[in-house]
Amino acid sequence: MTYFTGYRCSNCGAEYSPEDLIYLCPVCARDYKAGMPLPGILECVYDYEGIARAWAEFNIAFPDAHEAKRMEELCEIFCPVDKEYFPN
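Mapping of the sequence shown onto our numbering: residues 728 to 815, in sequence order.
Calculated from the structure, these hints are not laboratory results.
Nothing here was measured: the structure is a model prediction, and the numbers come from that model.
Even for Gly, the Cβ is constructed at its ideal location relative to N, Cα and C.
Worth double-checking, as some hints may not be accurate.
Claimed, not checked - With a straight-line Cα cutoff of 20 Å, these simulated SDA-like cross-link-like pairs (lysine to any residue) come out: (1) Lys-760 <-> Tyr-750; (2) Lys-760 <-> Cys-739; (3) Lys-760 <-> Cys-736; (4) Lys-760 <-> Asn-738; (5) Lys-760 <-> Ile-749; (6) Lys-760 <-> Ser-737.
Unchecked claim - Computed Cβ-Cβ distance ranges for the label pairs, DEER-style: (7) Pro-790 <-> Leu-748: 37 to 47 Å; (8) Arg-757 <-> Asp-791: 50 to 60 Å; (9) Pro-753 <-> Asn-786: 33 to 43 Å; (10) Ala-781 <-> Asp-758: 35 to 45 Å; (11) Leu-748 <-> Ala-788: 27 to 37 Å; (12) Arg-757 <-> Ala-788: 22 to 32 Å; (13) Ala-779 <-> Arg-735: 14 to 24 Å; (14) Arg-735 <-> Arg-780: 20 to 30 Å.
Starting from the given sequences, assemble the full structure and let the hints guide the process.
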């Protein structure tokens, strides 16, 4: 499960779908002038309540999760990237 829910403009607060592959708010980007900072950079929005629920459930299921041997299980639950991308 992914906890990424979409994008939010850092300038005007407009929200965009996670399927939209854009980096700047189309509305705020119209105000861009050469040499100025980029307006309307999109920030990632996450479902923090969902993460908290999953974390609580994980801690109940694995009370010794702080041990290094349990971290692999934690990564499998919360990380969408395959294990082979992480060095040993």
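> Is it true that the CA of Lys-760 sits at most 20 Å from the CA of Tyr-750?
Replying inline: Distance of about 17 Å is within 20 Å: holds.
> Regarding Leu-748 and Ala-788, is the given constraint of 27 to 37 Å on their beta-carbon distance met?
Replying inline: Given a distance of about 35 Å, which is inside 27 to 37 Å, the answer is holds.
>> Does Cys-736 sit within 20 Å of Lys-760, going by the straight-line distance between their CA atoms?
In response: Given that 20 Å is the threshold and the Cα spacing comes to 18 Å, the pair holds.
> Lying within 35 to 45 Å: is that true of the beta-carbon distance Ala-781 to Asp-758?
Replying inline: Once the Cβ atoms are compared, 39 Å apart, the range 35 to 45 Å for Asp-758 and Ala-781 holds.
> Hey, Lys-760 versus Asn-738, does the alpha-carbon distance stay inside 20 Å?
Replying inline: 15 Å, holds
> Holds or violated: Lys-760 with Ser-737, Cα cutoff 20 Å?
Replying inline: 17 Å, holds
> Are Arg-735 and Arg-780 spaced within 20 to 30 Å by their CB atoms?
Replying inline: Holds, since Arg-735 and Arg-780 (Cβ atoms, about 22 Å apart) stay within the stated range.
> Taking 37 to 47 Å as the hint, is the beta-carbon distance of Pro-790 and Leu-748 inside that range?
Replying inline: 40 Å, holds
>> Against the range 50 to 60 Å, how does the distance between the Cβ atoms of Arg-757 and Asp-791 compare: consistent or not?
In response: 53 Å, holds
> Is the distance from the Cβ of Arg-757 to the Cβ of Ala-788 consistent with 22 to 32 Å?
Replying inline: Check failed, 49 Å falls outside 22 to 32 Å.
> Would you say the C-beta atoms of Pro-753 and Asn-786 sit inside 33 to 43 Å of each other?
Replying inline: 41 Å, holds
> Regarding the pair Lys-760 and Ile-749, is the alpha-carbon distance no greater than 20 Å?
Replying inline: 19 Å, holds
Checked against the numbered hints above, the structure breaks only hint 12 and satisfies the rest.
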